[in-house]
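Peer 1: Heads up: the protein sequence lines correspond to chains A and B, in order. Using the working numbering, you'd call the opening residue of the first sequence number 1 and step up by one each time. Using the working numbering, you'd call the opening residue of the second sequence number 659 and step up by one each time.
Hint data in this document are derived by calculation from the structure and do not stem from the laboratory. By construction, the Cβ of each residue, glycine as well, lies at the ideal position given by its N, Cα and C atoms. Treat the hints with care, since some could be wrong.
Interface residues of chain B toward chain A, partial, derived using beta-carbon atoms under 10 Å [to be verified]:
no., residue
1, Glu668
2, Glu675
3, Gln709
4, Pro729
5, Gly731
6, His735
7, Cys737
8, Ser808
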Amino acid sequence: MNNTLYNFYIKDRSYRDTYRKDFSKNLAEEFKAEGLSDDERLIRRFEILTALEEPHIHDFEKIVMLRTTKNIPDCFTEDEWEERRKKHYIHESGYASNLCPNYAKVIEKGLLFFRKDADEYGKRAIDAIISLCDKYLAEAKRQQRLDLVEIFEQIPRYEARNFREALQFFRIIHFSLWLEGDYHNTVGRFDQYMYPYFKRDMDSGIYTFDSALELLEDFFISFNKDSDLYFGVQQGDNGQSMVLGGLNEDGNDSFNLLSELCLIASEELKLIDPKINLRVSKKTPLSVFEKCTKLTRAGLGFPQYSNDDVVIPALIKYGYAKEDAINYVVAACWEFIIPGVGNDIANIGAVNFPAVIDRAIRDSLSKAKSFDDVLEKAEEYIKEECKKTGEDIHDVLVAPSHLMDILRDGKKYNNFGIHGSGIASAADALAAVKKYVFIEKSVTRDELIAALDSNFENSPELLHRLRFEAPKMGQANSEVDSLAGFIMKTFADSLEEKRNCLGGIYRAGTGTAMYYLWHASNLGATADGRRAGEPFGTNFSPSLFAKIPGPVSVIESFTANDMTRNMNGGPLTLEFAFSIFNDEESIGKVARLIEYFVKRGGHQLQLNAVNLDTMREAQKSPELYRNLVVRIWGWSAYFVELDKQFQDHVMRRQEYTV
Amino acid sequence: MLGTVFDIKEFALHDGEGIRTTVFMKGCPLRCAWCHNPEGLSKEPELYLKQNGCTACGLCKRGCAHEDCKPFGRCLHICPGDLVSVSGKVWSAGELAEKLLSDSGILNSSGGGITVSGGEPLMQHAFVTELLSLLRGKVHRTLETSGFASEEVFRSVAAECDFIIMDIKLADDDEHKKYTGQSNALIFKNASWLKSSKISHLFRTPLIPGITDTEENLTAISSIVGEDKLELLPYNTLAPAKYESVGRTFPSYINQTCAKLPDLKLFKNARIRK
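Based on the provided sequences and hints, a complete structural model is requested.
Peer 2: Structure representation (structure tokens):
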């Protein structure tokens with residue numbers, strides 16, 4: 001590892017104060033006064049910001065470029081946003097996000113190739129990037145950095161000729177996308193589009209394994225130079241997701257030496273960016289799972305696995321062309337998107353399963369003749385909820401993103417993704433009602449409702465039974481698992497026929513994002529023994545207090561149902577005590593477990609190596625644990641930078657740690 | 659046949675090759691001073707009170723009408739933190755075998771299987787023999803034992819095992835009596851039979867500071883074990899954690915701080931567990 005580089009950008013970080021300036025002008029007001037179009041505003045902002053950037057080159061770094069303007073000013077005034085929201089559906093901040101451009105093509109062709117066919121705005125975007133890079137060229141000349149002079153004389157105008165130019169080219173494009181105001185800018189299939197450059201240089205002896213790794217680490221660090229400026233729901237939620245491996249068109253596994261170097265670089269650097277994702281399948285050799293498990297041991301929550309055997313056919317069934325489905329990547333967290341042609345909004349809404357099921361139980365229980373009546377009501381309500389989900393989404397308006405548009409061949413896919421939060425709590429609630437109210441008849445309907453209404457105030461025994469004795473998802477109990485299957489199927493059915501306002505479909509998902517807190521905080525006590533306000537599990541995972549026999553049962557529960565119509569994304573998370581990764585033998589066993597998940601047809605999996613004691617200490621003395629990393633929902637974060645509610649949730653998840 | 663089990667642990671990492679499920683049989687004839695599973699000592703089901711998180715709310719002492727709570731003097735179905743439970747569940751061999759075999763897919767594909775441990779599983783040898791015979795041919799079977807049983811029992815259970823992990827704790831009989839409450843004579847007889855048998859096996863020695871980790875003891879164990887495989891287990895500093903839960907006291911004379919790792923040159927074929 002290049003320690004000087006690491007210390008400068010990661011440990012010391014003082015460049016963030018010394019290099020950066022505030023942008024204090026109110027651009028939105030100026031733009032408004034001039035009566036500029038959306039396109040003109042976006043491109044003009046990009047031109048202003050690229051012009052303001054100052055080049056910084058250090059003798060200890062090979063991959064350059066960092067942000068010197070702290071904030072990106074808005075293009076629209078608050079009044080204008082209000083207007084826009086009245087007429088349109090504005091997703092999140094209203095700017096382009098969660099997309100993946102065609103990095104392969106731009107690196108292979110150079111920007112001037114794109115300039116020929118670009119519209120006026122596209123041409124201006126390209127010119128702005130070239131001017132910015134020319135500043136780096138001038139600075140490189142001034143510093144006599146001949147290596148960089150040679151690079152910047154070639155790229156980004158023309159194609160990259162070698163691995164280093166390809167990496168620097170990526171950095172320029174990725175940096176520019178952020179500067180354009182796009183966010184959750186993903187990385188795509190990095191080990192695939194970079195491999196030709198890497199392989200050529202390795203074959204010709206330009207790099208050894210070690211020197212290639214050092215260059216790659218230099219490049220990985222570049223994802224962290226400005227990432228504090230990319231704030232999502234929490235710090236770390238920034239979408240810099242890198243995808244490795246996966247099946248290629250010939251049906252072979254594509255994991256290569258570069259993929260392996262990426263795993264090692266991530267393990268050595270222990271940084272939250274880039275976020276490492278692995279595409280795997282039945283063809284993935286066990287040795288790859290072992291290499292990945294070593295990265296898991298580093299405690300970053302990487303890699304996250306997506307199962308090609310399940311995801312690709314499911315995407316084809318959704319209507320994606322085979323060549324696009326094969327090329328899938330993940331968005332910021334886990335949503336499946338297509339690089340270069342996709343325009344999906346993969347996180348446009350979320351269904352609160354525990355709330356819907358709770359209403360169904362309450363509304364059906366008094367009259368239900370059998371448990372089937374409860375299920376019928378549940379089905380009705382899930383359908384109703386899904387119907388509502390799209391209703392407020394019309395005339396979606398996303399601010400222009402000229403650079404992103406140049407780097408995509410049209411907007412072929414315009415599908416919307418809907419998360420489903422709290423699947424385990426919802427299925428557990430149904431299972432408890434079925435068992436205690438209808439089969440055993442040991443709890444009366446009134447008793448149950450009264451206990452829920454009072455948040456179990458006077459029913460400690462019923463609380464114990466529902467919370468700790470009732471069957472739970474994660475216990476490989478087919479009763480509960482089939483109820484989860486029923487919910488997921490109803491969810492998929494309800495969305496299947498719908499078309500969104502862009503002509504695309506709706507995809508049902510298994511992710512929660514932050515809804516495991518947001519949806520749960522206003523929901524009263526539920527029949528799974530969850531007290532009012534208590535959070536749900538993350539994504540597609542057991543509830544926080546479920547008594548779990550171990551990871552094998554959890555995997556069996558969460559792979560029990562056919563999920564191919566619920567393929568928006570959202571992983572099962574397995575939490576492991578850090579200590580189990582002590583020896584090679586145990587690492588091999590964890591690798592076997594991942595293989596088992598894949599062979600059983602699980603769609604997405606993410607493992608954590610955690611140390612609860614460390615987290616407790618970090619809450620007490622944050623200053624001593626600045627580098628402690630934890631996984632949140634689809635991204636990892638520095639523990640001490642999180643709000644306490646997120647810290648607490650991570651700690652509570654450990655109740656089912658192996 | 660019925661047997662009492664105090665835990666079934668999925669994904670047990672240190673009880674043999676591959677991914678394994680370990681069944682912990684309740685009851686042990688030894689009283690090793692350093693035992694880290696005190697809930698495995700008594701062969702009867704017993705109250706297990708988790709300490710961490712108890713707010714002394716008193717709910718469990720309030721009295722209840724549940725049949726299953728009667729023997730224990732506490733309500734098992736009311737604790738808001740689920741801290742009150744019974745260690746020891748009675749299973750029929752058939753039901754237990756069925757449950758264990760439900761995961762046989764991954765156990766087999768990973769080169770793992772089922773491990774029967776304890777307590778001392780040979781204390782419930784008839785049950786264990788039946789259980790192992792029901793698993794025969796379906797999944798790999800490992801026995802984890804102290805070797806403290808009659809030769810007849812040891813050999814008959816061993817005949818149903820694919821692999822045996824056996825402890826050799828203390829070579830000196832007086833020391834053995836002092837720290838485990840029993841003579842090591844039977845253990846050595848069984849060990850010597852096991853060495854000469856065709857059953858694959860592994861010997862194990864827990865490294866207890868100042869008791870089993872002395873050069874004298876380890877040298878003697880080395881000569882008993884010979885060229886067979888030996889695994890040395892570093893002292894488990896969490897051992898005292900569960901004593902209070904089952905109303906026992908951990909002996910204060912074990913000095914947890916002076917644990918040291920032995921020189922592997924003392925042995926012919928040993929490794930230290932990480």
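Peer 1: Does each hint fit the structure? Answer for all of them.
Peer 2: Okay, the hints, checked on the actual structure:
no.	hint	verdict
1	Glu668	holds (3 Å)
2	Glu675	holds (8 Å)
3	Gln709	violated (16 Å)
4	Pro729	violated (19 Å)
5	Gly731	violated (17 Å)
6	His735	holds (5 Å)
7	Cys737	holds (7 Å)
8	Ser808	violated (34 Å)
In this structure, the hints that do not hold are numbers 3, 4, 5, 8, in rising order.
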